[in-house]
Amino acid sequence: MRTSGIIGGLIAALVIGGAAFAFAIVWRPALATIDPAARQSFDPEMVKRGRELAALGNCNDCHTLRGAKDFAGGLPVPTPFGTIFSTNITPDPETGIGRWSEEAFRRAMRTGVDREGHHLYPTFPYDHFTNVTDDDDRALYAFLMTREPVVAPARANELPFPLNQRVVVAGWKLLFLRPETYQPDSTKSVEWNRGAYLVEGLAHCGACHTPRNALGAERASASFAGGESDYWSAYAINAQSPAPVPWDAEALYFYLRNGWHPDHGTARGPMAQVVSNLSSVPASDVHAIATYMAGVFGPPAPERNREAVVARAKPDEGKTSQAHPEGAAIYAAACASCHESGRQPPYGGVNLALSTAVNAPDPRNLANIVLAGVRPVEGERSPIMPGFAASMNDTQVAALLNYLRSRFTSQPPWHDLEKTIEEARRTQTAFLQTSAGARSAPADPAQRDKP
Amino acid sequence: MMTLKVNGQDHQIDADPDTPLLYVLRDDLKLNAAKFGCGLGQCGACTVIVDGKAVFSCVTPLVLLEGKQVTTLEGLGSVAAPAPIQRAFMEEQAAQCGYCIAGMMMRAQALLQRNSKPTDDEVRAELAPHLCRCGTHMRILRAVHRAARLMDTAELTPERKGSAQ
Ligand code: FES
Ligand code: FES
Numbered sequence: 001m002r003t004s005g006i007i008g009g010l011i012a013a014l015v016i017g018g019a020a021f022a023f024a025i026v027w028r029p030a031l032a033t034i035d036p037a038a039r040q041s042f043d044p045e046m047v048k049r050g051r052e053l054a055a056l057g058n059c060n061d062c063h064t065l066r067g068a069k070d071f072a073g074g075l076p077v078p079t080p081f082g083t084i085f086s087t088n089i090t091p092d093p094e095t096g097i098g099r100w101s102e103e104a105f106r107r108a109m110r111t112g113v114d115r116e117g118h119h120l121y122p123t124f125p126y127d128h129f130t131n132v133t134d135d136d137d138r139a140l141y142a143f144l145m146t147r148e149p150v151v152a153p154a155r156a157n158e159l160p161f162p163l164n165q166r167v168v169v170a171g172w173k174l175l176f177l178r179p180e181t182y183q184p185d186s187t188k189s190v191e192w193n194r195g196a197y198l199v200e201g202l203a204h205c206g207a208c209h210t211p212r213n214a215l216g217a218e219r220a221s222a223s224f225a226g227g228e229s230d231y232w233s234a235y236a237i238n239a240q241s242p243a244p245v246p247w248d249a250e251a252l253y254f255y256l257r258n259g260w261h262p263d264h265g266t267a268r269g270p271m272a273q274v275v276s277n278l279s280s281v282p283a284s285d286v287h288a289i290a291t292y293m294a295g296v297f298g299p300p301a302p303e304r305n306r307e308a309v310v311a312r313a314k315p316d317e318g319k320t321s322q323a324h325p326e327g328a329a330i331y332a333a334a335c336a337s338c339h340e341s342g343r344q345p346p347y348g349g350v351n352l353a354l355s356t357a358v359n360a361p362d363p364r365n366l367a368n369i370v371l372a373g374v375r376p377v378e379g380e381r382s383p384i385m386p387g388f389a390a391s392m393n394d395t396q397v398a399a400l401l402n403y404l405r406s407r408f409t410s411q412p413p414w415h416d417l418e419k420t421i422e423e424a425r426r427t428q429t430a431f432l433q434t435s436a437g438a439r440s441a442p443a444d445p446a447q448r449d450k451p
Numbered sequence: 001m002m003t004l005k006v007n008g009q010d011h012q013i014d015a016d017p018d019t020p021l022l023y024v025l026r027d028d029l030k031l032n033a034a035k036f037g038c039g040l041g042q043c044g045a046c047t048v049i050v051d052g053k054a055v056f057s058c059v060t061p062l063v064l065l066e067g068k069q070v071t072t073l074e075g076l077g078s079v080a081a082p083a084p085i086q087r088a089f090m091e092e093q094a095a096q097c098g099y100c101i102a103g104m105m106m107r108a109q110a111l112l113q114r115n116s117k118p119t120d121d122e123v124r125a126e127l128a129p130h131l132c133r134c135g136t137h138m139r140i141l142r143a144v145h146r147a148a149r150l151m152d153t154a155e156l157t158p159e160r161k162g163s164a165q
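Going down the list, the sequences are from chains H and E. The opening position of the first sequence corresponds to residue 1 in our numbering, with each subsequent residue numbered one higher. The opening position of the second sequence corresponds to residue 1 in our numbering, with each subsequent residue numbered one higher.
Pulled out of the complex, with its shape left as it was, chain H reads as follows (with noise of 0.2 Å):
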């Protein structure tokens, strides 16, 4: 009877504790609601801090939908769950954050819970803003309070259940939210520090270019090993980098300053509108990125210098040609004529053999620029590339690929080619509809009067 007391009364106290528990971790209270502040309270300076800021951490390439107005929200996000729409950051006092205050701001860039005391789904990366410090937190506040306001509604979710319930994503947080994770390192200079800060913070480069397990987080062993974006394959960016020119620091600032490198190419797909948005932060940001994430990519193997990669596309002999005589044709007809031009990238096209997309694992991005080109932007002198998706079939983008393979990498045959292309077909038809792309290319005026 005692014992069976004391059983009952801890399996109770279990419960109960238990149940507090969990409403702990699930229950976040509404924070008050403000009157939408007036432009003029902020401050001007912490205005323009907070929109470089707002570059650095790509916020119009999620929440700003195609032909939309800007941060209203509405893009659809595909994830394996199901798809999640962007929503309006726009200071709309209904529809928008109009009337969130500073500290709800905070609070859902530190832990992912809207003002109301939703828990918000990862797609909003919270897992790297919870880094951000809370004067960068203050201007990113200040910048968005100043926009425009856009009555734009969200739009359902399109989740199966249970992950349309909320609460599901307290249960994520508790396994992989780590808050404020970042931490200087004193051995490292002030460069690489700021430049861990802006990567594994506000520039959430892991994102996109970090794996993710089964539920959706990221792989803390496997930090930078390549994942994906929008149907896009967003590559290595550490040792198992694919391109066949390694990175350095001097590489990267150039790339993500102009938005392309001539031993490497030029961004496009996600990471376009990344390298639009850094040419207008400033140069030394981009030069502490850089800094921080050559030293994520290590010491570049010497073997793997531009003249030996170039080595391998020197003009066909005939053998390659031979074994791919229709993909060597249409290469001649459609490709060559710009990526043998002798003109310089951006506005030539790249030695394919320096191309990361031919020398990738993964044929997804190749497939993807193939069938759907370089879109040029708007009102500005910028690379472009034609789109074939009109002129060749699924089985014809496959025999260019396989040509291109073959002719300027060493690597192995992909397999699965044409089911990567009628998807790349598919979903590039989808992404180009919806994605606002890049506005401004290249960052530097000079680049502008070349050729």
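One or more hints might be untrue.
[Unchecked claim] To be clear about the criterion: a stretch of chain E counts as covered by chain H if any three or more of its residues have a C-beta under 8 Å from a C-beta of chain H, and this derived list gives those stretches:
1. 10-19
2. 33-42
3. 92-101
[To be verified] Here are some chain E residues pointing at chain H (derived, C-beta under 8 Å):
4. V59
5. V63
6. L64
7. G67
8. C134
9. H137
[What the hints assert, rightly or not] If you want the ones that stay clear, here's a sample from chain E, every Cβ over 10 Å from chain H, calculated:
10. L29
11. T60
12. L62
13. A81
If you are wondering where the hints come from, they were derived from the structure by calculation, not from laboratory data. Keep in mind it's a predicted model, so treat the numbers as computed, not measured. Glycine included, each C-beta is placed from N, C-alpha and C at the ideal position.
Once you've looked at the hints, dock chain E with the ligands against the given chain H.
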């Protein structure tokens, strides 16, 4: 030797498989509506319709055209019996020098075949790959909408209703 179907006719073409369609159209078949602008797929002057889709003929090698139907502007209508798209461009006086116009008409035709009432935004997005150095863009836009209306009205007899495969 390959068989190329252009405007409903079979042609025996003796050319390398990597020969751009544009060269064959202009040099061998003397169909000169499609123009050479850049040869790089960047201006749109060479646009023709292949199996219902607008393509740049300058970067489309013959090897891609086995068994496909090519339609050029000559295949849509003639001076005596212009197709709706041609009539609309004339009525809007959309051509200045005219160099870009055949390409514009072909892409607009392909658009109208799959979407008979495009919005202005849709027309602009569709024609974005085409350059016009004379700056007749506003007339071109009006012409495309006029063509949409023409294709929609009964005043056209079926055989004059230009359509391409
Ligand atoms: S000539 Fe073909 S696109 Fe310019
Ligand atoms: S009318 Fe002259 S290029 Fe368009």
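Now for the hints, and whether the structure bears them out:
1. 10-19: holds (count 4)
2. 33-42: holds (count 4)
3. 92-101: violated (count 0)
4. V59: holds (5 Å)
5. V63: holds (4 Å)
6. L64: Holds, about 6 Å.
7. G67: Interface hint status for E:G67: violated (11 Å vs cutoff 8 Å).
8. C134: Not OK, violated: E:C134 not within 8 Å of chain H, min 19 Å.
9. H137: violated (14 Å)
10. L29: Its Cβ never comes within 10 Å of chain H, the nearest being 17 Å, so this holds.
11. T60: violated (5 Å)
12. L62: violated (8 Å)
13. A81: For E:A81, whose nearest Cβ neighbour in chain H is about 28 Å away, the distance exceeds 10 Å, so it holds.
The structure does not agree with the numbered hints 3, 7, 8, 9, 11 and 12 stated previously, though it agrees with the rest.
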